[in-house]
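Asker: One-letter residues, chain by chain:
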Amino acid sequence: MEYLDFELPIKELQDQLEKCQLIGEESDVDVTQTCKKIEKKLLETKKEIYKNLTAWQRVQLSRHPDRPYTLDHIKALCGNTFLELHGDRNVKDDKAMIGGLGKIGDQTYMFIGQQKGFNTKTRQYRNFGMSNPEGYRKALRLMKSAEKFGIPVVTLIDTPGAYPGLEAEERGQGEAIARNILEMARLKVPVIAIVIGEGASGGALGIGVGDRVLMLENAWYSVISPENCSSILWRSWDQKEQAAEALKLTASDAKKLKVVDAIIKEPLGGAHADRAATFKAVKEAIEKNYEELKNLSPKDLVNQRMEKYLGMGVFKG
Amino acid sequence: MSWFKRKEKGITTSTEEKKDTPKGLWYKSPTGKIIDTEELEKNFYVSPEDGYHVRIGSKEYFEILFDDNKFKELDASLTSKDPLKFEDTKKYPDRLKAAQEKTKLKDAVRTAVGKSKGNDLVIACMDFSFIGGSMGSVVGEKIARAADYALKHKVPFMIISKSGGARMMEAVLSLMQLAKTSVKLAQLADAGIPYISLCTDPTTGGTTASFAMLGDINISEPGALIGFAGPRVVKDTTGQELPEGFQTSEFLLEHGFLDFITHRKDLKDRVNLYIDLITNQPIRA
Chain A
1 MEYLDFELPI KELQDQLEKC QLIGEESDVD VTQTCKKIEK KLLETKKEIY KNLTAWQRVQ
61 LSRHPDRPYT LDHIKALCGN TFLELHGDRN VKDDKAMIGG LGKIGDQTYM FIGQQKGFNT
121 KTRQYRNFGM SNPEGYRKAL RLMKSAEKFG IPVVTLIDTP GAYPGLEAEE RGQGEAIARN
181 ILEMARLKVP VIAIVIGEGA SGGALGIGVG DRVLMLENAW YSVISPENCS SILWRSWDQK
241 EQAAEALKLT ASDAKKLKVV DAIIKEPLGG AHADRAATFK AVKEAIEKNY EELKNLSPKD
301 LVNQRMEKYL GMGVFKG
Chain B
1 MSWFKRKEKG ITTSTEEKKD TPKGLWYKSP TGKIIDTEEL EKNFYVSPED GYHVRIGSKE
61 YFEILFDDNK FKELDASLTS KDPLKFEDTK KYPDRLKAAQ EKTKLKDAVR TAVGKSKGND
121 LVIACMDFSF IGGSMGSVVG EKIARAADYA LKHKVPFMII SKSGGARMME AVLSLMQLAK
181 TSVKLAQLAD AGIPYISLCT DPTTGGTTAS FAMLGDINIS EPGALIGFAG PRVVKDTTGQ
241 ELPEGFQTSE FLLEHGFLDF ITHRKDLKDR VNLYIDLITN QPIRA
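Taken in sequence, the protein lines are chains A and B.
Mind the numbering: the first sequence is residues 1 to 317 in full-length UniProt numbering, read in order.
Mind the numbering: the second sequence is residues 1 to 285 in full-length UniProt numbering, read in order.
Warning: the hint list may mix true and false statements.
[Said to hold, decoys possible] Capping the alpha-carbon separation at 27 Å, the derived lysine-lysine pairs in DSSO-like fashion look like this:
no. : chain 1 : residue 1 : chain 2 : residue 2
1   : A       : K121      : B       : K235
2   : A       : K240      : B       : K90
3   : A       : K299      : B       : K235
4   : A       : K240      : B       : K81
Since the hints were made in silico from the structure, they are not lab data.
Keep in mind that this is a model prediction, so the values were computed, not measured.
Let the hints inform the model, and build the full structure from the sequences given.
Answerer: Dropping the structure here:
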């Protein structure tokens, strides 16, 4: 278990509890009461800390090394029915963008999402969840394939941004994202997009246009990361906490701004604290939203989706 | 004892009376060529010696593209709000106010309908001078409404991009403008109305990840910077040396993302030639 800086009081209590339990096991001293006390204190501390998270603390949680990533979600949702599909039929298979078919209950879905790694080797292999243009084109190929067979699409967003590389520019990173946004706007099957971790800018929106956009409680969604925002506006990374506040990037902010439709609650301590509970909440959210969308005609579906996006923005006059 | 005696003390010519060339009489291009600004204007704001295309705004593009500079501006009164109460080193409303006073513009895009070679054309043209041509809610809404005008009146649509990307001070709402504008372009595409995207110097970030790259034709001017991530970001992230001419319009043409590059003096002719050809109409002289 890794602890973030603001979780240190929890770590201390957790250590105390473990010590207490150890003493109980190794000696004849009755520690039940003491342990109970510590447990109670631990729960209270957790509640207190997670109730008042700052924007920056949520950003930290969204990047927690133990946080469930896209494939963790899909495997939990679909079990052994998941069939991964590869390649953009053009250049290569982007390891930072994964996709494939799988079932939740009786319904097949096309799952698409950015994939991060869990150690140095896999992080490099997944390019830290930063897709190249072929990743977006692979995503679009899979969406069009789903559309052809009337299969609903679920996208899982978790990226620090589209990859800003030389080859990415040569192969048209902007064009690839733009094409996805346009095509997703008129896809004739239900699209449910879920921000499960980091939702950074065009790299996120490139698979993020949907009939329903949902967000995990501690995920973030904005036009830029707090670090980069800080470096542009304050010319240093030191104001990242202030930038995180200013960007209004939390799930509840995005809900208020009507950019996301609903928030999926996370267990106490964040998605990684109780993975099973997180997966269950995500599964229920997908099923509930698909239920609401499945009987709409393709025409109504697309019209409603378009109207939703045309209504976004705040201005005078 | 001095040979000459100064009758009056010091230099007495006041600053206003000094014989100096008035400001803005000459323009110096990046390669060091100097040109009279009046000449520059007559030459479509292109330095004649080195072909350098000077950055210009909506005023100049409208003048170049609309017959006799006659057009009807659309939604001219839309202005930005401050939905996020955004504050960095400056408050967003103060930044907006300063930009409005400096540029005499309301926001970073102007939209208009007028005749170009005798036929109606709707143009949305961005102004880089307004907070780096950044796209917030107003830019998104004005482009969407202009596209809607084109849709309702069945008039070809053109966007002239000149932007650093999405406007940070409207954060996720500016990101959503990528989706909003693309939705309208999808509707235009479904209705079979031609959409021309002119990418000018610079066209980066969110604009390339939406309307700038979605034209039925994407075109540009010589030497324009066009890219998703800016060259500095690419260099810092990858640690690679960037090849010469990286992310110029010529680079994009070579990699297959532009249909052609046009000198500004031929812009009006070539845009209208495309419209006549794609709509299978007689070619206007």
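Asker: Each of the hints needs a verdict: does it hold here or not?
Answerer: Here is how each hint holds up against the structure:
The hinted pair formed by K121 (chain A) and K235 (chain B) meets the criterion: a straight-line CA distance of about 23 Å does not exceed 27 Å. For a cut-off of 27 Å, the pair hint linking K240 (chain A) to K90 (chain B) stands: about 16 Å separates their Cα positions. Among the hinted pairs, K299 (chain A) with K235 (chain B) is inconsistent with the structure: their alpha-carbon atoms are about 45 Å apart, more than 27 Å. For the given pair, K240 (chain A) sits about 24 Å from K81 (chain B) by alpha-carbon distance, which is consistent with the 27 Å threshold.
Consistency with the previously given hints fails for number 3 only.
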